[in-house]
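Trainee: What follows is the residue order along each chain.
2 protein chains.
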Amino acid sequence: MKALHDLTATEIVQAVDEGKTTCEAVVRNCLDHIAAREDAIGAWNFLEPALALEQARIIDRSGRKGALRGVPVGVKDIIDTADMPTEYGTPIHREHRPRIDAACVALTRRAGGIIMGKTVTAEFANRYPGKTRHPMDPTRTPGGSSSGSAAAVGDHMVPLAIGTQTTASNIRPASFCGCVGYRPTWGDIRCHGVMEVAGSLDTLGLIARSVADVALYRDVLVGTKPEPITPHRGGPLRVGFCRTAIWDQCEPHVQVSLEQCARVLAQAGALVSDVTLPDEFTRLEDAQRWISSFEFARNRAWEIDHHWEQISEFLRTHRLRDGMSCSFERYRDARTFAETCRGMMDTFIQDYDVLLTSPVSGEAPVGLNSTGNTSFCAMWTTLHVPAVTLPFFTGPNGLPVGAQFIARRNEDRRLFQAAQWVTEAWERR
Amino acid sequence: MKALHDLTATEIVQAVDEGKTTCEAVVRNCLDHIAAREDAIGAWNFLEPALALEQARIIDRSGRKGALRGVPVGVKDIIDTADMPTEYGTPIHREHRPRIDAACVALTRRAGGIIMGKTVTAEFANRYPGKTRHPMDPTRTPGGSSSGSAAAVGDHMVPLAIGTQTTASNIRPASFCGCVGYRPTWGDIRCHGVMEVAGSLDTLGLIARSVADVALYRDVLVGTKPEPITPHRGGPLRVGFCRTAIWDQCEPHVQVSLEQCARVLAQAGALVSDVTLPDEFTRLEDAQRWISSFEFARNRAWEIDHHWEQISEFLRTHRLRDGMSCSFERYRDARTFAETCRGMMDTFIQDYDVLLTSPVSGEAPVGLNSTGNTSFCAMWTTLHVPAVTLPFFTGPNGLPVGAQFIARRNEDRRLFQAAQWVTEAWERR
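From first to last, the protein sequence lines are chains P and E. Going from the first sequence to the numbering used here is simple: count from 1 and add 92. Going from the second sequence to the numbering used here is simple: count from 1 and add 92.
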């Protein structure tokens with residue numbers, strides 16, 4: 093039998109229901125694993141075992157109710173928690189204790205989830221990294237900005253974690269750390285109590301080790317009754333293989349793996365065809381840059397005016413410099429352009445159930461000063477479409493590489509159906 | 093000469109620049125007026141004269157810099173301030189002191205504005221009213237949820253205030269209290285540090301006593317260099333007179349006033365024509381209800397789970413009941429429908445510089461248990477278009493009634509040009 097900390101969220105709920113374990117035992121086992129591994133990985137910005145255990149005992153005593161009964165969850169440290177500090181990845185907010193839980197944290201607790209602790213974020217969920225190292229190779233980045241969430245789930249410290257994504261901050265670290273990563277349709281999950289990076293682009297992100305788990309957790313956070321993923325129906329799965337205009341930035345092994353995936357899916361019965369995106373979409377990464385920089389610089393007005401010297405040199409000379417130099421007209425034009433492309437995408441993607449594309453240029457890179465290349469996510473983020481990365485591939489250094497699947501806006505359930513189907517096809521290959 | 097508290101923001105800046113007054117004298121004069129009037133009106137949830145005066149002295153000593161140098165501003169109490177409590181209109185958050193200023197507050201201070209205090213909001217910026225009374229008739233509501241902001245500006249306690257709008261919460265109280273009210277294009281001004289009501293619809297709102305003032309303050313909050321309103325150019329102003337499908341809910345005096353306004357503008361040289369909105373738009377108010385209720389109920393998850401008994405009966409049995417009973421599909425369909433209508437509106441409104449329509453059904457109603465009819469704003473809010481209300485009319489009880497002007501999304505500057513033009517035409521009539 094698997095160790096408790098190796099179970100997925102869905103498996104934990106089942107084990108608890110069958111009386112095979114208690115919420116407290118699950119949490120205790122995860123804490124033991126964290127204790128053994130945390131020095132090497134540094135996934136947590138705050139972790140207080142007694143607090144986690146107390147939550148678990150309350151769930152045990154009160155009849156183990158809710159869709160996430162007994163499931164330990166890591167929460168990115170830009171998300172407010174009433175019983176734990178929230179520091180936004182910056183010394184400016186050291187030891188800050190919010191008054192209330194963010195909406196997503198409150199909904200997690202309502203569902204019986206255990207908030208294990210706060211996971212490391214890059215500074216203000218941007219690019220200047222925190223202390224976290226890749227769980228399989230301490231010389232490499234786990235990706236960012238949801239660094240701790242991805243490393244914690246990838247190392248089996250917790251089965252579920254919340255991240256956020258404004259550029260590539262959830263899908264990319266999930267790919268690097270061998271997790272299932274999910275970015276929802278923009279706007280579906282409330283961000284009240286989550287530090288705003290750039291509201292026109294921000295979403296929460298979920299990180300797990302199975303498609304069923306992200307689907308379950310999405311229902312909890314959307315605030316509706318959880319429903320299992322039904323099988324894909326209505327003829328063969330229509331997969332658009334989308335190399336994108338930056339295909340040549342993918343390392344050769346990524347190209348080979350994606351080509352192989354496309355073949356495997358076709359052999360399993362999917363209708364796989366090559367797709368070329370509208371030419372305009374090559375300008376979306378630039379639009380993303382100006383939208384996010386403009387909004388980010390305004391959202392940080394208080395920190396800029398009161399704590400400029402405590403902001404990293406990197407942030408000051410990149411994102412904030414961009415944001416402060418960007419005119420309103422440039423920003424507005426970028427936002428309008430992005431909205432036009434979203435309409436084109438709605439039409440374009442109607443011929444497919446999902447697109448298959450790369451979430452990253454390769455394995456997690458060596459070095460702890462950068463969180464890697466964001467280009468393979470920036471366009472999809474700006475299109476507001478839902479995305480899933482699945483841990484299908486292994487790179488030349490033995491590290492995970494994901495396959496990213498994209499669906500139409502508002503079709504997150506169809507995306508999960510497809511993700512389930514392609515996972516089964518890939519495992520049967 | 094006018095008393096200092098009767099000056100607009102633009103006039104204060106000019107008087108300060110010309111050495112006719114100091115920031116401290118302006119603030120002191122406003123405080124004196126507040127002291128005389130606050131017992132009757134109750135516009136403020138927090139006001140500490142020493143704190144306001146200290147800010148003014150700092151601006152005086154540091155060379156009176158910034159576009160709002162010396163201008164006193166009221167801030168709706170759902171907007172975070174680091175040096176003042178922020179209570180969100182509920183006993184649940186009594187004496188809460190946020191860690192940092194909201195982005196809009198930080199940008200106001202950066203521009204030399206004085207945060208005078210926190211203005212009364214309805215509970216969670218919804219409909220259960222606070223203590224504020226109409227400045228001209230204490231038996232009447234000032235409107236809501238930005239009740240204190242509108243009453244404070246209407247009574248000349250401050251020249252500028254920030255409100256917010258998710259349904260009618262800024263334009264309606266501005267109309268009732270005889271102010272210039274402005275709701276920006278959705279998404280233009282960052283809401284970081286502002287309590288989220290329903291993010292898909294929320295915007296800040298500005299309340300002032302001149303069009304020049306709202307234009308100035310908008311530039312400050314957008315975070316760009318302020319530019320004066322240039323005159324309307326390019327032929328006669330094209331005004332679409334839009335009675336809307338709920339015209340018969342307007343009291344007769346409102347109908348008469350709007351008809352008169354349309355005639356005056358035509359006589360002044362505008363091209364005025366009647367317009368009928370697409371039939372679909374009659375369903376926008378219902379869409380607004382489900383979008384706002386669904387999102388609001390999830391944003392209040394922490395308060396619902398920890399302080400249910402401290403939430404007003406009204407909120408529990410209306411907005412929260414709606415939100416908790418609304419399925420995700422109903423919510424998503426409403427959101428998608430709203431987005432479709434926004435696209436239709438972009439096309440439809442191209443033939444006009446602005447639409448003329450009513451912001452309210454009449455004068456501020458008698459009674460302090462309700463904040464009035466929201467239907468005349470809900471549609472425009474959901475369309476994400478910019479709106480201005482101008483204090484043109486007087487009702488049968490001698491109370492103000494506004495004329496609302498609507499422009500295309502992202503054309504807030506054109507809206508200000510038109511508002512300036514129609515104000516001059518109306519004053520010359």
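Possibly wrong hints are sitting among the right ones.
Any copy, or any two copies together, can satisfy a pair, since identical chains are not distinguished.
What the hints assert, rightly or not - Here are the simulated lysine to any residue pairs, SDA-like style, with alpha carbons at most 20 Å apart:
{"#": "1", "residue 1": "K112", "residue 2": "L329"}
{"#": "2", "residue 1": "K112", "residue 2": "T428"}
{"#": "3", "residue 1": "K112", "residue 2": "T432"}
{"#": "4", "residue 1": "K157", "residue 2": "P318"}
{"#": "5", "residue 1": "K112", "residue 2": "P230"}
{"#": "6", "residue 1": "K112", "residue 2": "T336"}
{"#": "7", "residue 1": "K157", "residue 2": "E116"}
{"#": "8", "residue 1": "K223", "residue 2": "P177"}
{"#": "9", "residue 1": "K317", "residue 2": "M416"}
{"#": "10", "residue 1": "K94", "residue 2": "A128"}
{"#": "11", "residue 1": "K94", "residue 2": "I403"}
{"#": "12", "residue 1": "K223", "residue 2": "V356"}
Honestly, the hints are just simulated from the structure, not real lab data.
Trainee: Could you figure out if K112 and P230 sit no more than 20 Å apart (CA to CA) within one copy, between two copies, both or neither?
Mentor: Classified as neither: same-chain Cα gap 35 Å, cross-chain 66 Å, threshold 20 Å.
Trainee: Under a CA distance limit of 20 Å, which applies to K223 and P177: within one copy, between copies, both, or neither?
Mentor: Within one copy, since 17 Å is at most 20 Å while 35 Å is not.
Trainee: Using 20 Å as the alpha-carbon threshold, which applies to K157 and E116: within, between, both, or neither?
Mentor: within (14 Å within a copy, 59 Å between copies)
Trainee: How would you label the pair K317, M416 (within, between, both, or neither) given a Cα cut-off of 20 Å?
Mentor: between (43 Å within a copy, 11 Å between copies)
Trainee: Classify it for me, K157 with P318: is the Cα-Cα distance of at most 20 Å met within a copy, between copies, both or neither?
Mentor: For K157 and P318, only the intra-copy Cα distance (13 Å) is at most 20 Å; the inter-copy one is 55 Å.
Trainee: 20 Å Cα cut-off: does K112 pair with T428 within a copy, between copies, both or neither?
Mentor: neither (54 Å within a copy, 44 Å between copies)
Trainee: Check K112 against T432 for me: Cα-Cα at most 20 Å, and say if that holds within a copy, between copies, both or neither.
Mentor: neither (53 Å within a copy, 51 Å between copies)
Trainee: Given a CA cutoff of 20 Å, do K112 and L329 count as a within-copy pair, a between-copy pair, both, or neither?
Mentor: neither (38 Å within a copy, 75 Å between copies)
Trainee: For the identical chains here, do K94 and I403 meet the 20 Å Cα criterion within one copy, between copies, both, or neither?
Mentor: neither (44 Å within a copy, 45 Å between copies)
Trainee: Have a look at K223 and V356 and pick one of within, between, both or neither, based on CA distance no larger than 20 Å.
Mentor: Neither: 38 Å inside a copy, 67 Å across copies.
Trainee: Have a look at K112 and T336 and pick one of within, between, both or neither, based on CA distance no larger than 20 Å.
Mentor: Answer is neither; intra-copy 47 Å and inter-copy 63 Å both fail.
Trainee: When no copy is specified for K94 and A128, does a C-alpha distance of 20 Å or less occur within a copy, between copies, both, or neither?
Mentor: Answer is within; shortest intra-copy Cα gap is 18 Å, inter-copy 73 Å.
Consistency note: the structure conflicts with the earlier hints numbered 1, 2, 3, 5, 6, 11 and 12.
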